[in-house]
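Chains V and F supply the protein sequences, listed in that same order.
Each residue of the first sequence is one higher than the one before, counting from 1 in UniProt numbering.
Each residue of the second sequence is one higher than the one before, counting from 1 in UniProt numbering.
Be aware that a few hints might be false.
Unchecked claim - Just the calculated beta-carbon pair ranges, DEER-fashion:
#1 T334(V) - I288(F): 35 to 41 Å
#2 P208(F) - T328(V): 58 to 64 Å
#3 P167(V) - L311(F): 33 to 39 Å
#4 E74(V) - M286(F): 51 to 57 Å
Bear in mind the hints are in silico, worked out from the structure with no lab data behind them.
Heads up, the beta-carbon is just placed ideally off N, CA and C, and yes, glycines get one too.
What follows is each chain in one-letter form.
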Amino acid sequence: MRILKSAAVAATLAIGAATGLAGASAPGNAQGIDDPTRAPFYQAMEGKTVVFVPVAMGLDLTEGWAAGMRETLEPFGITVEIRDPNWSTDAGAQAITSLLSEKPDAIVVHNPDVQSYARLLRKAEQAGIYVVQVNMNSSYSTDAFVGADYVSMGERMARKLIDRCGPANGGNGKIAIVQGVLTAAASAYQMKGINNVLEANPDMRVVSNQAADWDATKAKNIAATVLQQHPDLCGIVGFWDVMDIGTGAAIKEAGKDVYLITSGGGNQSACDGLEKGTYSEVVSYDVPGQARDISMTVMRLFQNQPEPGAAKTTLFSPLTFLTKENMTPGSCWTLDR
Amino acid sequence: MSVMGRLTQEQIVFALAVLLCAVFALALPGFLSADNLLNLVRSVSILGMLGVAMGLVVIGRGIDLSLVALMAVSVAWALQLAATGMDFVQAAAIGLGFSLIGGMITGVLIAFVEIPAIFATLAMGTLIYGFGRYFLFDLDVVYLPDEARYLVWLGQGSLAGVPVPIFLFAAVCLVGYLFLRYTRTGRYLRAVGDNLAAARIAGVPARPTIVLQYMLSASIGYVAGIVTAASVASMNTRVANSTYVYDVILVVVLGGIGLSGGRGGIRNVVVGTLLIGILLNGMTIMNIQYTVQNVIKGMILLSAIVIDTFLNPRDEQTAQQGDI
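This is chain F alone, in the form it adopts within the complex:
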């Protein structure tokens, strides 16, 4: 028990992932092949990128429910502009600008107007989606214009046999890691997430840091959106209304980034993403029915959390703040 007691949630989830991997490898021929493993990681690389974005916000003790809506709308607008004749690079820059402004408004609402993050981003997500649908594009699914065909490589190409989205996921993870670990702002972010009042007394520019964290998540979300658009040559704005954003939160929380802020890092996101990827891939190979898949997914996630609660019981100190 003393060894078990020291296991963090991240390690528990990682162990679960390895266990599942071993079971699938024995039971499903072809699961462990290099091609399937690459495909497995590729299929969750967009989810992983969004996980990094969400992870940064959660470490800063926020939550971003507008992440997926902002991603869908800004990328769809960029595609729409390009389809109506604008140069794609220019259109993409405008899309990024829209995304950053969206993130900034959210950040200002949270940091300066002091609306709780969960309400501010919930409202912003709805607002952004509605605004996009009414003013920016007419169709639910916006297609990638022919002029931007070269973009398809980002989503469908491969480098040295490895699909490009995996490299992009790795790059986003690396940038996130370096940011948290080596930049002053990254350390501010963690300090603000850990204890806002203490950070402020220590002279950390708390409010600007909070605004920045939402702009950061918006821009990572935009990259993930561009990869999505490239990989299926279209942007389905319906994802803004779907439960996708909860999958992203799940990856983050499952990996062990506490919603109370200040704890965890990019590695947690990677572990959470891998577990989801292994689950989805194995269940698709086994051809398990979609509704049953949801039940299994829910049960595995619950068991990870239950194990964590047993091994790392909540006490006054860990449960004091911010639990949702």
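Bound conformation, chain V alone:
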């Protein structure tokens, strides 16, 4: 009997609650209710300025980041500005110096090398500006770094070549390396990763390790000479797909079957290159994804408002290893998407 009674009470309460809720929410359905997170969000974003200082615009990478940031941040009232130093480290340093007094709310910086901007970035943080570094880190850690873990990328690429060319796996162990600009973070860290793996595999032989300055023509000339001298070369690690279009051309001209693994932002040109057989494998660090990571980092900083430089975050980008076999029509991106 008691059970029955409490059940009845419970049922009544439940029905009452349900009708009550329905009653309360009925006008809500008609007029909508305001999301309580909106007001503080828009307040935090409105009128903020983010300045992007790339190595140079006009690259698939930098154009991709800029487009992604604009797409994500501008609808929320954030102004995105670009200061393009066009490959001049001096001009880039000047741009950052003038930003110290202009005081934008955040600077997104793409370092030409590990040293040049390091002190300026610390000054920027001291001046109360958030600093996000993208893809190529400097020796000074700022509020956030968004980009590939080049050391790990170098290690994984070296392992790929060992799988293919290592004497233990039936290859002859002969590989070559085509670097970019020696002082760039992307070159220096990748080389570190490759060395980490090669030191543990002394049966691999690096027959050539040359820098091609991110230029396809130089890469082609180097690769052609190396292939001439080592016709039995098994694999090449290149440091950037845009440059290694030259390395690939040299391999094709020599008529050799050399495994060319390279890396880049995953632009459509990388997939085209895989399709045509210019590259054997491309490691993509997915520029649109990085652009979103940058934007999210900036939005978090604007909302939480920590002291600039107080907390350091590193967001390594997920890496995708693309080959002709595993790529799909959506594996790569285009700017006018």
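Use these hints to put chain F onto chain V, whose structure you have.
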């Protein structure tokens, strides 16, 4: 010393090249193989073509610092037009037109406005690159569109086992040689370079000749650019900002074409180009680090010039004009 005294810089550089070649042949197995030698010449054939263009201007007592920028921008624009759907032949013709107009403006600035060539071309190079980047294309590297795939043969194909760029380099050299040697304009060019005032008094149309020399270098540059684009299936417009144009001047000066004008010929360019080619190829085979390569390159070039200064000391007559 009397025999040595008669050696020209061209012969000194040629001797250096042969010496280096011999050293590499002994020290590096595979250096002297036919394939490697072909590869060696192929790798410098574009540099050589640009050297011919620059050589013609320098013989006419000018200098063209806008050569590489104009090459990069006009070819990149042609590729860009073709990529957006234009027929490639038409796009290439427009690119050539742009190149010629660029060369003509430079020539007019030098010949008629009388701005020194070094400043006029320096400014034009910056202007052309900026104009191209802002108005003509958006990306640093412009790719060869699929419709123009047949062009790849120019840069990557071979004829009877010899890479096509070598034939094109030879053709440019031949045309340059015939022009200088057998055409009236070619002789005018040399006369203007040797002594502008005297040439004018003798009735040479000096100003039009100067305009022509820049248009000539622009068009040879365009050919070199098309071969570049064909050989790596893309055009990297960053070369406009690089030190590439100084490499071109180096080839010319090293080969023995004096910056004071009027002297030298296409053979000098060929010799200079070969020395650079042998150096680069040997150092790549030896896997010498990039920065060390630059040091070695600089030292060899300096020694060539020092030897020349000892053997052919400058006197009032040779040092009087135009030395930069």
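Going down the list of hints, with the structure as the test:
1. T334(V) - I288(F): 35 to 41 Å: Holds, at about 40 Å.
2. P208(F) - T328(V): 58 to 64 Å: holds (60 Å)
3. P167(V) - L311(F): 33 to 39 Å: Distance hint for P167(V), L311(F) is violated at roughly 54 Å.
4. E74(V) - M286(F): 51 to 57 Å: holds (53 Å)
This entry does not satisfy hint 3, going by the numbered hints stated previously; all others are met.
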